[in-house]
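K.L.:
Please construct the entire structure, taking both the sequences and the accompanying hints into account.
Protein chains: 6
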Amino acid sequence: MSTPFPWQEPPADCELPIWRYTRNPIINRNPFPGVAKIYNSAVTPFDGAYAGVFRAEYRTGMSHLHVGRSADGIHWDFAPAPIPVTAGADEPAFDYGYDPRLCRVGEEYFITWCNGYHGPTIGLASTRDFKNFTQLENAFLPCNRNGVLFPRKINGHYAILSRPSDQGHTPFGDIFYSVSPDLTHWGQHRFVMGAGPEWWQAKKIGAGPNPIETPAGWLLIYHGVCGTCNGFIYSAGLALLDLERPWHVIKRCPGYIMAPEEPYEVTGSVPNVAFPSSALVDAATGRVAFYYGAADTVTGLAFSTVDRLLDYVNTHGK
Amino acid sequence: MSTPFPWQEPPADCELPIWRYTRNPIINRNPFPGVAKIYNSAVTPFDGAYAGVFRAEYRTGMSHLHVGRSADGIHWDFAPAPIPVTAGADEPAFDYGYDPRLCRVGEEYFITWCNGYHGPTIGLASTRDFKNFTQLENAFLPCNRNGVLFPRKINGHYAILSRPSDQGHTPFGDIFYSVSPDLTHWGQHRFVMGAGPEWWQAKKIGAGPNPIETPAGWLLIYHGVCGTCNGFIYSAGLALLDLERPWHVIKRCPGYIMAPEEPYEVTGSVPNVAFPSSALVDAATGRVAFYYGAADTVTGLAFSTVDRLLDYVNTHGK
Amino acid sequence: MSTPFPWQEPPADCELPIWRYTRNPIINRNPFPGVAKIYNSAVTPFDGAYAGVFRAEYRTGMSHLHVGRSADGIHWDFAPAPIPVTAGADEPAFDYGYDPRLCRVGEEYFITWCNGYHGPTIGLASTRDFKNFTQLENAFLPCNRNGVLFPRKINGHYAILSRPSDQGHTPFGDIFYSVSPDLTHWGQHRFVMGAGPEWWQAKKIGAGPNPIETPAGWLLIYHGVCGTCNGFIYSAGLALLDLERPWHVIKRCPGYIMAPEEPYEVTGSVPNVAFPSSALVDAATGRVAFYYGAADTVTGLAFSTVDRLLDYVNTHGK
Amino acid sequence: MSTPFPWQEPPADCELPIWRYTRNPIINRNPFPGVAKIYNSAVTPFDGAYAGVFRAEYRTGMSHLHVGRSADGIHWDFAPAPIPVTAGADEPAFDYGYDPRLCRVGEEYFITWCNGYHGPTIGLASTRDFKNFTQLENAFLPCNRNGVLFPRKINGHYAILSRPSDQGHTPFGDIFYSVSPDLTHWGQHRFVMGAGPEWWQAKKIGAGPNPIETPAGWLLIYHGVCGTCNGFIYSAGLALLDLERPWHVIKRCPGYIMAPEEPYEVTGSVPNVAFPSSALVDAATGRVAFYYGAADTVTGLAFSTVDRLLDYVNTHGK
Amino acid sequence: MSTPFPWQEPPADCELPIWRYTRNPIINRNPFPGVAKIYNSAVTPFDGAYAGVFRAEYRTGMSHLHVGRSADGIHWDFAPAPIPVTAGADEPAFDYGYDPRLCRVGEEYFITWCNGYHGPTIGLASTRDFKNFTQLENAFLPCNRNGVLFPRKINGHYAILSRPSDQGHTPFGDIFYSVSPDLTHWGQHRFVMGAGPEWWQAKKIGAGPNPIETPAGWLLIYHGVCGTCNGFIYSAGLALLDLERPWHVIKRCPGYIMAPEEPYEVTGSVPNVAFPSSALVDAATGRVAFYYGAADTVTGLAFSTVDRLLDYVNTHGK
Amino acid sequence: MSTPFPWQEPPADCELPIWRYTRNPIINRNPFPGVAKIYNSAVTPFDGAYAGVFRAEYRTGMSHLHVGRSADGIHWDFAPAPIPVTAGADEPAFDYGYDPRLCRVGEEYFITWCNGYHGPTIGLASTRDFKNFTQLENAFLPCNRNGVLFPRKINGHYAILSRPSDQGHTPFGDIFYSVSPDLTHWGQHRFVMGAGPEWWQAKKIGAGPNPIETPAGWLLIYHGVCGTCNGFIYSAGLALLDLERPWHVIKRCPGYIMAPEEPYEVTGSVPNVAFPSSALVDAATGRVAFYYGAADTVTGLAFSTVDRLLDYVNTHGK
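Residue numbers (our numbering), protein chains in the order written: chain B, 1 to 318; chain F, 1001 to 1318; chain G, 2001 to 2318; chain W, 3001 to 3318; chain L, 4001 to 4318; chain R, 5001 to 5318.
Treat the hints as calculated values from the structure; they're not laboratory data. Source: prediction; values computed, not measured. The hints are all genuine.
Simulated pairs of lysine-lysine, BS3-like, Cα-Cα distance not exceeding 30 Å:
no., chain 1, residue 1, chain 2, residue 2
1, W, LYS3153, F, LYS1153
2, L, LYS4153, L, LYS4131
3, W, LYS3251, W, LYS3318
4, B, LYS153, B, LYS131
5, G, LYS2153, L, LYS4153
6, F, LYS1153, F, LYS1251
Computed Cβ-Cβ distance ranges for the label pairs, DEER-style:
no., chain 1, residue 1, chain 2, residue 2, range
7, L, LYS4318, W, ASP3072, 38 to 44 Å
8, L, GLY4196, G, PRO2197, 36 to 42 Å
9, L, PRO4004, R, GLY5168, 50 to 56 Å
10, R, GLY5168, B, ARG245, 30 to 36 Å
We treat Cβ as the ideally placed atom computed from N, Cα and C, and that holds for glycine.
P.N.:
As structure tokens, then:
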């Protein structure tokens, strides 16, 4: 019997290519003892069910990465202790982790996350069983955030998107592409796309879930951020990248495909945040389930299909 | 049969001179395809019904001006394309429009709005049928916002209120009065009133609906803005200006007459915004219907009467 | 017959040592004519019932201090006029007051509040009947906020906590301890504890209710503030101070004990504020009732017991 | 006998089209009792000699406009009292003046300056004898600086360049063109040119002396400003504007034509400022004498010829 | 034989009441091994010669207080080690000191300085021999700078001027007056005078040398600071305070009496600083010698007489 | 005959381990046509003389890299056109270059510089003849500055120091170490040392000349920056790094070894900058000649010896 895929059909009047799960949020405040919130997290099919790496924000306000397991992708059980990622001798030691992404490349699952090393940078670790984790070298110098791997090697190299940033709330941010022969040394940095010109993404942008491979290119869901006088608004955008030269943007939608509108998105610790960070794709049906952090407070689920996304980016993208 | 005037009687315990429509907001998110929000807009009686010019914020985050029509002032139909305002040869070209005001002077209807020309400034256009629009010269150098015409000439000149500003969120702002013999050249600039001293309007102020003429003076509803550590709060204030020398403030209420309190005002893209931008006045009854943007997200309706406003400003104003 | 103490038993699954009153907020918006909000206020048992000093924010946005009376600590009647605190000849004159604290020392009740004198500083006044108030010298030079007295002399001196600040929203703030032989001259300033290192209190901290004396030390509830890209979040923390040398921190909890979560805390004029400012302690039972401002908009009530607080700070504190 | 024109031949190796007077500064610190500095001022031929309007900075730091007279354009006598510009009844009253320009149009001499009226704006006054001055309406709403008239009407209208700004040090600034039929009402605002793209003028630009008419167009000397980690640098640039449509830029030099290099330019109250504000042109020889403020402290003189300037802007401009 | 008093007669054309020593600076860069600069320091007659406490900035950039001795007030020998001020048990420990003042009250000499204790505050120490120093409690909570004692008790209390500030470069600052019965507890805080309205002192002001007692009142030399686009300018101002109620300002000069003009004042580590910090008064002749820091780099000397200062403040003050 | 090495003996009283060339600056303003300034540049012995890569700031304010040649290391001839570094097909294109370093590794000379690619980053190019240059991939993602190579491989990898920064004036900055097997992919990022704690280097630090190898470790001259109210001060510091693990700091001097003091260092376009960027070492004598930019305006020369530097860092370092 196959693993159940989280899914709801779109509402009848669904104008945008993405629709929310009607029972959102799927992970509420205070999900387990000591933890205030889980959001901006990442999941993957694993061993006939689902596994995930979650940004668990403790009551101290610090975030740590916890493993979660789920049979249906909706109801999750969390490990009470954070993932034991430990630097080797003479390697950087780390003190926090947030906004993880999760990517299977070959037989291994790689976690990338925002890692503290004299500023935020891209941490990297691998696992095969979600019990034992091997930490690799940080991919970049600080400051960097939103490091997102591609799910296969491209031209023989591992490939990653990232967003150079600063120590703070970072009022700027563009997406770059870099590659590595060995997951330790990175180079051939290419600019992919930048903030703006549209207002909803005028402040900064950053990659969301791992790019979804299609014959037409990599589907990239990303967050775009604008600044109002009462703070930032994080929405989700859609672009299509060239398969072999992903820094070539084939299409990019000028409008967002999801903006914070629901009560659990417009209120919370950081009002007006919808932050997509992971996607499941059902190869047989083309169904896609997105996981996104809402208001830096809870976790929501939204749906689409590969065809709808492709159709939308082709129709609306420039 | 006369045009129905949007109206509700005040609640029994109505302490302030303005009360909200109980079925607010009248224009919700996603009002028509491609448009995310309509707010900060302006209406007028027209041809036995109502016409309006609406700030329609697209999913790109850019705002454009759309015409709307309504039989009752509450339910609106919107034109799917923006108003075709086009600069003449060798005149400034524009790229966006927001926060429109609408003012009948004589037989013509004038739209003023925040127009993009090397910074925000006051755009000006006229129409007689809400189908054909003639764009005039911008009234001022950038940066300026909240240009609001008076509904008749004063001392033989067109008259306007405006608020010089900056390129950004503008942490300052006073109201000035200027006149023009020809709607092209403007001068005789006079300071009307400034931000503060009360805290709710300590950051900046700007004119709201077109001033309402009464024998006692011009009733001016305006927005006052204060800054908290989590952003600005936009409330509505009330003042009475001299009829022939409107830069003379006869009375000004130290307290606001409406502040964001309802769920649709305190949450949204810009929480805590109640932005009055238009008023209908029923000459026979003295009833007033205010249109206001809420949280830069939706449009609300509120009511008062000329007598209540005059009585309030006389009683509470200084 | 004894005075009823405001109280609710904790919910069954209460993980934190503090729980909210289920009928919060106890003081809603527009509590009495002319006043928009009451929050960040202070109460005390008095004359077989309860008296309080309340931050009443007028529609002008200015705050003034009003006396309130209550038979049950939950339902309050407010004086329509502010407390008549008047400076003596050749003494500083004041123009506003906010965030009052209330402390009985001996037979007198002392109000401390944020007082305007060339910047915010700590105002001080005494009363025995909540009708006649004697204003004393300001305790400190500007700028200072959150002055909180101890309920008895320590080593023969009056003792106070305060938080030096700046003229604005103050992106920093530590708690200091000072003493006075005469309530006029203050000195022997000692650093008690500072902002951070945990994120929820990384921006600034300030004392909340008057410290609660226990054999193990003074229980201090305080507010901790962090800054997100959409503004500050005010939460409540817990520490235990040495009885005779209160600038020695015995224990301090790394996690908050209450953070803004309820609708009336996460939305309002300043979203995401839970600001504890007063506590009643029932000596017989050890029950504690906390009053806190929510979102700078309404007043809430929360409960605990001395034993639970002590146990929590001993278990979780460092 | 003709009026002597201030002049020195260029040094032999003069690469740039402008060269300094070797006995600069011509007006030093403390030029007459009570006045600390004279800089950023303007002169004109008048009555067989020279007259000027000077920014005199008092020891209070406030600047006022004083008339000066000179037989040779180099040695100046200053009126001990400021120019008596007085607003009419019900007109704006002013409290300071700085950075004056001086322009003869027809038989009248017009002063434009930075005038205080709820922010800096463009003051305007006329004189025929440098004794009696008639103040006109301010040309624009605040905030605006560097208002510079053209020396003749263009298309039947008075014409002015100005630079909208803010209340403070203004980190932006472009040059606009506006016209007036009556010196009271202004309109038909046109963007002329903006800051950048070259680094020396990347922060802001503003018109300097009145444009110099040539058959090929208006020669415009302007200041360009860049921002270093240690403050702004003000240099001088050169452009050529269309004669009848001066908002059309025919040529603009990518490099500056004078940058602060001399000790009296790189040190002073505002280091690194060379601010050209006036020019004399000798019609017979084409000689040009520029007056410029140096370091907001002293006044310098520099020379060129119309032919050299035209040749340079044609050769180097884009 | 009497101690020589440092002195030069004024230049013939001396318009202002203060004139510089012609051989300034008296203490140059690199004054003794390990020390980069000495500036902003204080001196006093002592034991038939002069003693002083100097801000010595080490090559680390940290400042420490060193004793200096001089026979003529011009040539100084410095102790190689800093003053051993040591906090008592359970008292604040300090880590740096700058901008000292020195004041004899009765038989004791008191040093006040900017002391590091969780932010800058006013350190206080006493000595009778300039060898043994007793450190007292800090006078105020942080942040505070420029604490300047009066040279006698007033109304039976020690009296001090100070300027509440912030942790950084402090863009604000007014002078306050406080008193103490015991040099430990301070209170009765009174506002003396604030920044502005004149531009040269529009940003902040702070007391300079100890006030000089005259029958007409206390002569106060203070620094006033304005902000240009290229940084702050520190000049010196003059005021006359009431003898017994020094927070009453009798006269205050609208213009500065000394501004940075000399090369050693307009260049250095902090260009454009003239910072008076100490004064010697010759009782027999009324001569006054001022010591001032120049450009945070060197130490200068300037002269006046009590009569000239009194005459100037009476003539020019308001 | 050997190449003359630029050299002067130290002055008699030289307390610090570095002393200036008495005929500084060696490259003045306006060094050749079209170029305003040369500073922050790098040199190397080459072909029996000296070659260098120079930051030439044009009159546009843009900086480009020019080759220079010199027989004595003091008098330089510059190529009139910038170095032709050209990106390959599908590689980043660049538009400016500044602050070059120059490092021989094996038979090749490598230039690293601040390269414009969506923000400043580390450009890399190689040459063998100073005529033909091969541009390599940028070493890092933007934003980064002050990339400085080691003059030999370490543990088989190329090694570089760099300082992650931001788009602007960057108020922070630490030195990191990274390695590469192929000069294209970089990783194993290690923190070397950070800004502070001493004030002169409290804001940011960055590597200067290429590290100088000695048996005791790598001698690293670097710049340290502090922030005053009037801008940044750039001084030079000294540290000793472990030979094989250069991110291990053996010793670091708490005080600077050179700070801006000379007129050509404290005035200029960016006052108070002494920026060491290159060093020549005479193997036979141990003499060292440093090249440094002064005030972002001119180029100076300073001297030391390897023994003096080692002795100083061993004696004064921590």
